[in-house]
Amino acid sequence: MLYPLIAGILFGLYFSLVGIGLNLVFGVMRIVNLAHGDFLMLGAFVAFGVVSLAALDPLFAVPLAFVVFLVVGLVLYRLLVPRLQRAKDPEMLSIILFFGLSQVIEAVMTIGFGTSERSLPSRELGRSLAALRVRLFGGTVDSGPVEILGQSFPAPWLAAAITSLIAIALVYLYLYRSRLGTLTRAVMSRRDEALATGIDVHRVSAAAFGIGLGLAAISGVFAPFMFGSFTPAFGVDATVTSFVVVVLGSLGNPLGTALGGVIYGVSYMFVQTYLSSWADLLPYVLLIAILLLRPSGLLGRRVRVA
Amino acid sequence: MSRDGVLRVTDLVKRFGGFFALGGLSFHVSPGEILGLVGPNGSGKTTAINVISGLYAPDGGSVTFDDAAIGGTVSHKLVHLGINRTFQVPKPFLSLTVRQNVEVARAYGGRRAGATVTDDLLAEYRLAEYADRPAADLNSVQQKLLDLVRALATRPRLLLLDELAAGLNPTELDWISSKIKALAQRGTAIIVVEHLMGFIAQVTDRVIVMNAGKEIFEGTLAVAVQVPQVIEVFLGGEHAA
Amino acid sequence: MLRDFIRHFSLIVVPLVAVFAVLPAVYDNHLLLFNFVIFLALAQGVNIIYGFTGYLPFGYVGFFGAGAYGFAIVVMHLNAPALVAVAIAGLVAVLLGLLLTPLLRLTGAYFSIANLAAALAVLHFVANPALEAVTRGPYGVSLTGTFNPTMAYATALGILALTLAIVVFLKNSSFGLALQAVREDPVSAAMAGVPVVRMRVIAWLASALVAGLAGGAFAWYVSVFYPDNVFSSEFSIFAIVFALFGGVATIVGPIIGVLILYGVYNLIGFTTPQYFQLIYGLLIMGLVLFLPAGLVSLATRRGWHVP
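Residue numbers (the numbering used here), protein chains in the order written: chain A, 81 to 386; chain B, 931 to 1171; chain C, 816 to 1122.
Watch out, some of these pointers could steer you wrong.
One side of the interface only, derived from the structure: several residues of chain C facing chain B at Cβ under 7 Å [unchecked claim]:
no.: 1; residue: Gly-960
no.: 2; residue: Glu-999
no.: 3; residue: Ala-1005
no.: 4; residue: Ala-1007
no.: 5; residue: Gly-1008
Derived DEER-like restraints, expressed as beta-carbon distance ranges [what the hints assert, rightly or not]:
no.: 6; chain 1: A; residue 1: Arg-270; chain 2: C; residue 2: Ser-1112; range: 27 to 35 Å
no.: 7; chain 1: C; residue 1: Phe-962; chain 2: A; residue 2: Ser-357; range: 29 to 37 Å
no.: 8; chain 1: A; residue 1: Leu-253; chain 2: C; residue 2: Ser-989; range: 56 to 64 Å
no.: 9; chain 1: C; residue 1: Pro-953; chain 2: A; residue 2: Ile-191; range: 23 to 31 Å
no.: 10; chain 1: C; residue 1: Pro-953; chain 2: A; residue 2: Leu-372; range: 27 to 35 Å
The set of hints was computed from the structure by calculation and includes no laboratory data.
By construction, the Cβ of each residue, glycine as well, lies at the ideal position given by its N, Cα and C atoms.
Using the sequences and the hints given, assemble the complete structure.
Take a look at the structure:
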């Protein structure tokens, strides 16, 4: 009981990070970023590059991936979104547009890197912090597992969970303690009124889009360690998983995603442990059930039923 | 049909969360009568229309039409019974042509609807020249008229007009009031929700003044404007609350 | 309206089906012709549910795969004749559609995502090793007993004709008009007396039926397949993109979309799938940004009527 619970919480915190960018983008822009998982995949390649080209700790890929994809997001926003929002039904068209983008990303990466599965040795992660880790959680400098409440877990799980917590806290600070973040929340709650009051919705949205992609890329850095391996085709599954997490927590409420992630992580680990042959079905069944039974998510109030 | 009304609303309640949009509203309207529903913003006028037309199910009280309880009945069945409406913000089928907008109502509006002729209706409401253009090409006043024509194509016996007059110029106002009166003369019961008091005075036989989800006055507008309670509701915004 | 129905049927459907009936005699790549017929049917199936009611079925392949497995299971376990098995395939898809009708309560992106999840759930269910006795799980099925590409092709043509007939009916009937009214504004549609929920369910099941029948014919034609083949998201994606590219809520739009795009796909296609995927992705993006109403909108914008 204890093992799947703790593992679920660790994974769940990570899943929160996986989904939060998608939710931020949807909340602010009412745009469904179906290429979300592909940016996660690109983040994994950043980690791969940091290890194989620079021989650095993949943790260095975290700030790098964030900055790179923040910029990518700002540029993509300018290229795609204003034109999209002039259409009759931007929400529906955004699904198709970003599906197209997802295909482009996957194709480019497949052309560049092939279809083979890649993985990174888990001892690479957190190498630069090894001394600190050993002091706090035990284990040795070289080998993996850390102990929590008598159960041992791979060190990268803990690293991913801690990074996720920090990232979520920073998102919270951004939304509630910065000026742009305050405007972002205003746009999220009443887009039309925000427009009317003269808020620069484009600036707010571009920032949210950049941050959303940056967060996806950060979560991608840990993907090789959390899922064992990754390929350029990995994006679609990641997108679906992100949707499950986001919808669980409530679409349009980025902080609800943290709760959604933990619930998803814990149930995922329990199904893995006790009903493993049906574990693959879980995300899909959970997603449909939540959409139908509690369409506004576990924390949400917004009605979305026809 | 009962003598005192084709539609009878009794102690109607509609809640949104903890907020009572309607807190025990009662009124009736008779065939051939034009009833005005007036009151400040948020007094529940549009909510009342929405409950009567089946958009919301009531949380309490009753709505009867020809003495049959209709509270909670789905909209398209109410349309077949003879209830129809227009919307405050017009809702035509934008990508369909103006004629198709009306044809749908004629085909699905119930047995009586088949008897109407689309082109006559369009001509009567000054939409004939746009008949083959998409409804999206119409301006907002024309879209409101299209809403009305679509409603009329189902030959309603009870017609709910939600702010039909807003945005019309004085000539159009005169024209549309004569149309509404003519409809009533042919026996249609009509409920008019409106902010323009001149228009209310021009068309209605009787008004219900609403405040906070309940009726506070029933009678003619001429009398209503002399009742202190009514005056306070309309002017009170600045002093009270 | 009946006159238009007959006109559209005899000027569009009959020639198209006739051409595909004759082509196998003069063109050797029968698999390609078969795939054309399947995609023509699937693109029109998407047209029925997306074009006429506005629900974008990202998991449309769920019905196709369910149909293929419906066919395989009755052939494997009950030795059903192939034509009967194709009918069962359609029935299985309709039943799956009925099971999924609650999804129609969702709007916009929520529907699309839930539909995608449903298709993936069906895939993982069928491919589950625990169900090996029934579905052969991930190991795939082999149906050599019914193998008959000629009959399977003819059946697929029949399914295409049926599908086109449905679309021609929708385009020329007050039923189709009412569906479009529901798509434009469900509240107003109800006020026109349209039974909104029933209309949506009928369109949804018709669209499921088309994909299920097509899946059955596909299973018959290829006779050996794995879950990943018949639940490949490419079927959904291609069908949607073909339909959108040509223009939905028309009869000819999806046909033009399939003929052009699937034609191009096969010119540059199979040898370099990644390059194709790249071009495809860019095409989709360009389409959404510059021609969201499809190729036919080039004509309708000029005020020309497109059937």
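Each hint tested on the structure:
no.	hint	result
1	Gly-960	violated (49 Å)
2	Glu-999	holds (4 Å)
3	Ala-1005	holds (4 Å)
4	Ala-1007	holds (4 Å)
5	Gly-1008	holds (4 Å)
6	A:Arg-270 <-> C:Ser-1112: 27 to 35 Å	holds (33 Å)
7	C:Phe-962 <-> A:Ser-357: 29 to 37 Å	holds (32 Å)
8	A:Leu-253 <-> C:Ser-989: 56 to 64 Å	holds (57 Å)
9	C:Pro-953 <-> A:Ile-191: 23 to 31 Å	holds (29 Å)
10	C:Pro-953 <-> A:Leu-372: 27 to 35 Å	holds (28 Å)
Comparing the model with each numbered hint stated earlier shows that hint 1 is the single one that does not hold.
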